[in-house]
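Order-wise, the sequence lines are chains A and U. One point on numbering: in my numbering, the residue at position 123 of the first sequence is 123, and numbering is uninterrupted. One point on numbering: in my numbering, the residue at position 6 of the second sequence is 1006, and numbering is uninterrupted.
Treat the hints as calculated values from the structure; they're not laboratory data. One or more of the hints may lead you astray.
Label-pair distances were calculated between CB atoms; the ranges are [stated by the list, open to error]: (1) A:R92 - U:Q1403: 24 to 30 Å; (2) U:T1309 - A:A62: 19 to 25 Å; (3) U:Q1282 - A:Y114: 44 to 50 Å; (4) U:R1285 - A:K77: 31 to 37 Å; (5) U:G1365 - A:P19: 53 to 59 Å; (6) A:K31 - U:A1333: 49 to 55 Å; (7) A:R92 - U:Q1282: 45 to 51 Å; (8) A:Y114 - U:T1011: 45 to 51 Å; (9) U:P1246 - A:K77: 34 to 40 Å; (10) A:P19 - U:A1228: 50 to 56 Å; (11) U:D1267 - A:S30: 46 to 52 Å; (12) A:K88 - U:M1392: 40 to 46 Å; (13) U:Q1403 - A:T95: 24 to 30 Å; (14) A:T95 - U:D1377: 55 to 61 Å.
Where is the CB? At the ideal position from N, CA and C, for every residue including glycine.
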Amino acid sequence: MENTANINEVDVLMVEDSPNDAELIARALSKINIANKIYWVKDGEEALEFVFSTGKYASRTASAPLKVILLDLKLPKVNGLEVLAKVKADERTKTVPMVVVTSSQEDRDLKEAYKLGANSYIVKPIDASSFVKALSEAGLYWLAINKPAIIK
Amino acid sequence: MPLPKKLSVRTLNAVLIFLIVAIFIVVSLLTYQSLIRIDTDEYWEIHSYQVQGMLDTLISDLENMETGQRGYVITGQQDFLEPYTAGLLDVNKTFQTLQTLTADNATQQHYLATMQPLIAAKLADLQNSISLRTNEGFAAAQADVLTNKGKAIMDSIRAVVANMQTTEAELLHARTNDLSQINAATELIVLWGSIIGFLLALLVNYIIYKFIIGEMVRKPLLEEALKANKEMEAFSYSVSHDLRAPLRAIDGFTQILVEDYGSKLDDEGKRVAGVIRTSTVQMGRLIDDLLSFSRLGRAEVKKASIDMTTLANEAYAEAKKSAPERNIAFVMAALPEVNGDRDLIRQVWANLFTNAVKFTSKKEGAKIEVGTTSAGDTITYYVKDNGAGFDMQYVAKLFGVFQRLHSVEEFEGTGIGLANVKRIVERHGGSVRAEGKVGEGATFYFTLPKK
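Pulled out of the complex, with its shape left as it was, chain A reads as follows (with noise of 0.2 Å):
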């Protein structure tokens, strides 16, 4: 998938190192008409650039916070559970909403992802439809539904 939002106007981050689920989350999102808010990382390492507006992201100043992180847990560089700590642990990010999408369902990732401060934790269904249908109805609750934090 190709990034098309413009950085200073992003609702969703996805980090997510595989390009096929990245396309699948993507295209489950374009179902509830917000692809174009979509941007994609595809590591730990740039998501935390992202967030913190260092690195290559420098430049972002967001007038408004992030809506919604969709965090894989097995990333390259930095992890996920490393991401979620970092974002959490930061007065200026703690109140964005993080929610874990991955393959893992082991206990341990569960515990230690709600213990990071996680707001959801998703398991990515094989089964397609299942996929579309858990991915689409959670961004349309975290979008549409779900009221954020005001943050000065």
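Chain U: place on chain A using the hints.
Quick look at chain U alone, frame taken from chain A:
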């Protein structure tokens, strides 16, 4: 095994070895002692026989002398005196021997003291009649013999000898008795000492193998097992991530193909896409089942008291949800409580009920019966159905991973359920078994240890 317990097993072992050595030393000492006593007793036994023999000799010496005396008195021929002369030499020797032999025995010494003057008198009497024959002739000697003096003395001697024989016979009897008692006691001591020693040696052997060598062998094995477990965990983790990702892509993109290019696919093309999707989902389930099976092997068993009646009812209600329209006769007796991991035991019931519901699906008047039997330290629970059943010749395969006795077209499933049941029950220290008959139903038993 914790350290103090291990130490105490070693201490116990040392004590047992000490006991065995002590028992064999005692047995050896006792045996040696009784051998010495047997030897002594045998010596005294022989001694008694010697005394008895000598007493007989004494009488025969005196009788010999009487024979010589009588012959001489009757004939006056010197030749007839020969036994008398020989007896005269022997009788003193015999008497002295008797004195020596019975030196330790006051009773016999007393009898000998009584006998000594009698013998002297007897010898004097014999001497007297012989002198009378030589000096005064047959008539004088005959008159002397006829006084019966000599016979009276001989009778007295015989009486004393008889007393001495009796005394010696009593002694002999006592010694023989003593000997056989010692023999019996020795036999008992050697027999039981050896048996106890042998049993203790067996026990020590068992302890050494079971605890001490076992411990030494087990330690590296435990490390191996822990390492293998870690590797298995890493493997499962990677399986759950890496194997599922491409499957998701296969299914996801096949769906995109159908959704976006459906108009360009004919019916066969759509069927093929369907097969891809079904197989992908199937493989996904196999991976999930394999992971759940592997997780069960690693999961910690947290034991607590379980209300089995409630748990089984809940599990059945859950299993029945898959076929809400079906009318199944569910019969369950009150089940005894058991100690176990509630979540894991729930999976046992869930799997058995899911199977029972599934395999009665083609049956009119489906019936599922739950019950229990108790024997010894275990409780056996069973789930019986009147469904499709199975052929008993395949019973061994029933609890294997991904082993199925029915085709997926007949009854769906991956074949992990009973493998999970077996694994959970065995991790609780129990066992599983099954009985069945094609077309008539199946009964699955699982046994758990009592609290």
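Consistency of the hints with the structure:
no. : hint                         : in the structure
1   : A:R92 - U:Q1403: 24 to 30 Å  : violated, 56 Å
2   : U:T1309 - A:A62: 19 to 25 Å  : violated, 59 Å
3   : U:Q1282 - A:Y114: 44 to 50 Å : violated, 31 Å
4   : U:R1285 - A:K77: 31 to 37 Å  : holds, 33 Å
5   : U:G1365 - A:P19: 53 to 59 Å  : holds, 55 Å
6   : A:K31 - U:A1333: 49 to 55 Å  : holds, 52 Å
7   : A:R92 - U:Q1282: 45 to 51 Å  : holds, 46 Å
8   : A:Y114 - U:T1011: 45 to 51 Å : holds, 50 Å
9   : U:P1246 - A:K77: 34 to 40 Å  : violated, 22 Å
10  : A:P19 - U:A1228: 50 to 56 Å  : violated, 35 Å
11  : U:D1267 - A:S30: 46 to 52 Å  : violated, 28 Å
12  : A:K88 - U:M1392: 40 to 46 Å  : violated, 58 Å
13  : U:Q1403 - A:T95: 24 to 30 Å  : violated, 52 Å
14  : A:T95 - U:D1377: 55 to 61 Å  : holds, 58 Å
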